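S.K.: Now for the letters of each chain:
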Amino acid sequence: MAKTLIVGATSAIAIETAKLCAHRGDHLFLVGRSPEKLDSVRRDLEVRGAKIAGTISTDLNDFSRHAGLLEKALNCLQGLDLVLIAHGTLGDQKACEQDFSLAEQEIRTNFLSCASLLTLISNEMEKEKAGTIAVISSVAGDRGRQSNYIYGSAKGALNLFLQGLRNRMYPSGVRVLTIKPGFVDTPMTAAFKKNILFAKPDQIARGILKAIERKKDVVYLPFFWWGIMAIIKSIPERIFKKLKL
Amino acid sequence: MQKQTPHVESWGRTIKVSQTIIPLFWQPEKFPRTQENESFLPYGEGRSYGDSCLNEGGILLQTRGMNRFIFLDESKGLLRCEAGVRLDEILELTVPKGWFIPVSPGTQFVTLGGAIANDVHGKNHHVAGTFGRYVRAMEVLRSDGNRWICSPQENSELFGATIGGLGLTGLILWAEIQMKPISGPWIDQETVRFSHVDDFFKISEDSEKDYEHSVSWIDTLAQGKHLGRGHFMRGNHSSQKDDRSSKPKTFSIPCNAPNWLLNPFTVRAFNVLYYHRQLTQEKRNTVHYRPFFYPLDAVLQWNKLYGKRGFFQYQLVVPYKNDREPIKEILRLVAKSGMASFLAVLKTFGNIPSPGWLSFPREGVTLALDFPNQGSKTRRLFEELDKIVRTSQGALYPAKDATMLAQDFQSFYPRWKEFEKWIDPKFSSSFWRRVAEGQGTNG
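Protein sequence lines correspond, in order, to chains A and B.
Per the numbering used here, the first sequence starts with residue 1, numbered consecutively.
Per the numbering used here, the second sequence starts with residue 1, numbered consecutively.
Be aware that one or more of the hints could be misleading.
With a straight-line Cα cutoff of 16 Å, these simulated EDC-like cross-link-like pairs (lysine to aspartate or glutamate) come out [said to hold, decoys possible]:
hint	chain 1	residue 1	chain 2	residue 2
1	A	Lys-19	B	Glu-89
2	A	Lys-19	A	Asp-39
3	A	Lys-19	B	Glu-92
4	B	Lys-30	A	Glu-36
Far from chain A by the CB rule (all over 12 Å, computed), these chain B residues [claimed, not checked]:
hint	residue
5	Glu-38
6	Asp-198
7	Gly-224
8	Ser-238
9	Thr-280
10	Asn-351
11	Pro-353
12	Arg-362
13	Tyr-413
Restraint-style ranges between C-beta atoms, simulated for each label pair [unchecked claim]:
hint	chain 1	residue 1	chain 2	residue 2	range
14	B	Lys-377	A	Ile-239	53 to 59 Å
15	A	Asp-59	B	Asn-146	29 to 35 Å
16	B	Lys-421	A	Met-188	38 to 44 Å
Rather than coming from a laboratory, the hints here were simulated on the basis of the structure.
Please read these numbers as outputs of a predicted model, since none were measured by experiment.
We put the beta carbon where it would ideally sit given N, CA and C, even for glycine.
Sequences and hints are given; from them, build the entire structure.
M.R.: Here it is, written out as structure tokens:
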């Protein structure tokens, strides 16, 4: 029975992952922003038989609350085996280009808040010499593109942060998993026209748990994004800069 | 967040209209948006066949994202969940706990909201009535921002209008339903072959008392002394407890089949083979609830078998107790037309009333037919059938309908005027404009 902390618990991928964790008997602690949404997710999971140790609704962009949040989670769960960090926003790239305060907000949400949380969580797990940290990043962090480089750069920074953290945690046995989903059919992408590349959140959730079980470092979900991103990364910059991607 | 998608269709795929989609992921605190002259319609899984789930030029509130359970009382079998939860999701949760949905339509891939809005019926109508009878309470959000909790006791008028109300009375946010206790996922099933529709009525009468579920498949091409021959399937929830069932195996029709695939020849061959697949008069076995209640769910997107042209479903009910001539005349007409129905389903409805004002099921015999869309040829057959339904005081089912005449709807559903007062002023559908306001050209 794992003790599992889910941050960004009202995101579609997190909800599906929480259902699977609940199914295998995990004790869950959920963190989300909107108290109403968090409450409806908690009730749904409880009807499905989940053991919810506690919830906190908080704005993760207020970093000063992170320590208190972790303390409460540790108290409720009596330890920590798995952390899934799943919160994020997909801002309006065009608006961010015109107004840096919007871009700053995106980078705070998608990178800095994670860095702050991970600093606290990793120190805790390092002390215990055990645990798994799984963080939802994005394929968008693999290469900067004009269509979403603000989100992409935050996720890219997150990828490097996780890479370094994984390296640092290795001796203590704490595992760090970087999850790079491609297009997922969630509220975040509601405005997008769906095509064959779009995956369902429950499919991504199964991939996440499998990657955790297999002790992977980095996982592309669904797997074929590894190939797509390998090609995108291999395009020489002098050509790539001319593309409209 | 919204998008313009011409791809949202109803199950029959004969109607191509453009509408704006607003996906809902959470129970909205206030009504999504209200500008002048906008019209809204909730849209679940789009399993209605005609235009009752479409709103040409308007907005569809896609409810599938509101799919959370709220509460389950495992001792009483009371389940409360959001309107976008699908029946298969409910069953997956409750069957292992010993509860089944009180009424099962022919597919489990419909939302709870859709099941209520169409007041669906199932194989147990003769003993259980419609789905709406098991709704204990629900909450409806109106476009003026007001939320109404309604039940048979509280706001009972809105309750009666919303059950079978085709989504027009507001957005159902959640509903609480009374489930039915079962021992396990199994059904003790019996299949009885019958060679004439008169035999159907006899078996039906004999089965009414001892079998909770009954339905018949019939061969619509058979004529003369074989008129309305078919298989009568009846069953009860089995007392077997163990769940040996594995995950359901499904496969999906990936793209449109060519239009010629389902033609009179192939359908006739299928019907003959299907009729004779059972060589004995009677067969008994125990089957899982999925193949018993939802045989077609194994083939995802089976509607694409009809090809790009799409297909019509025509479901009628006519009285039979004093006079079986109307249903026989209908069967004769269909057989004579040579427009083979791939799947034809015959069942008797009981006289249990529904709380829904526009509920379709009423005492009589109901027949559901599928026809490939062959344009005016198909419509001419429907006109012939309409005449019999009209003169025999029968009715047609809005959830399946794409062609019903306005005056027919108004006489089949005499409470429609009373219902109209409860329609949300900002809600409408292509179907409603066609049958109540006389707009549109029948798809």
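S.K.: So, for every hint listed, does it hold in this structure?
M.R.: How the hints compare with the structure:
{"no.": "1", "hint": "A:Lys-19 with B:Glu-89", "verdict": "13 Å, holds"}
{"no.": "2", "hint": "A:Lys-19 with A:Asp-39", "verdict": "15 Å, holds"}
{"no.": "3", "hint": "A:Lys-19 with B:Glu-92", "verdict": "13 Å, holds"}
{"no.": "4", "hint": "B:Lys-30 with A:Glu-36", "verdict": "13 Å, holds"}
{"no.": "5", "hint": "Glu-38", "verdict": "19 Å, holds"}
{"no.": "6", "hint": "Asp-198", "verdict": "48 Å, holds"}
{"no.": "7", "hint": "Gly-224", "verdict": "50 Å, holds"}
{"no.": "8", "hint": "Ser-238", "verdict": "25 Å, holds"}
{"no.": "9", "hint": "Thr-280", "verdict": "43 Å, holds"}
{"no.": "10", "hint": "Asn-351", "verdict": "36 Å, holds"}
{"no.": "11", "hint": "Pro-353", "verdict": "32 Å, holds"}
{"no.": "12", "hint": "Arg-362", "verdict": "35 Å, holds"}
{"no.": "13", "hint": "Tyr-413", "verdict": "36 Å, holds"}
{"no.": "14", "hint": "B:Lys-377 with A:Ile-239: 53 to 59 Å", "verdict": "57 Å, holds"}
{"no.": "15", "hint": "A:Asp-59 with B:Asn-146: 29 to 35 Å", "verdict": "30 Å, holds"}
{"no.": "16", "hint": "B:Lys-421 with A:Met-188: 38 to 44 Å", "verdict": "41 Å, holds"}
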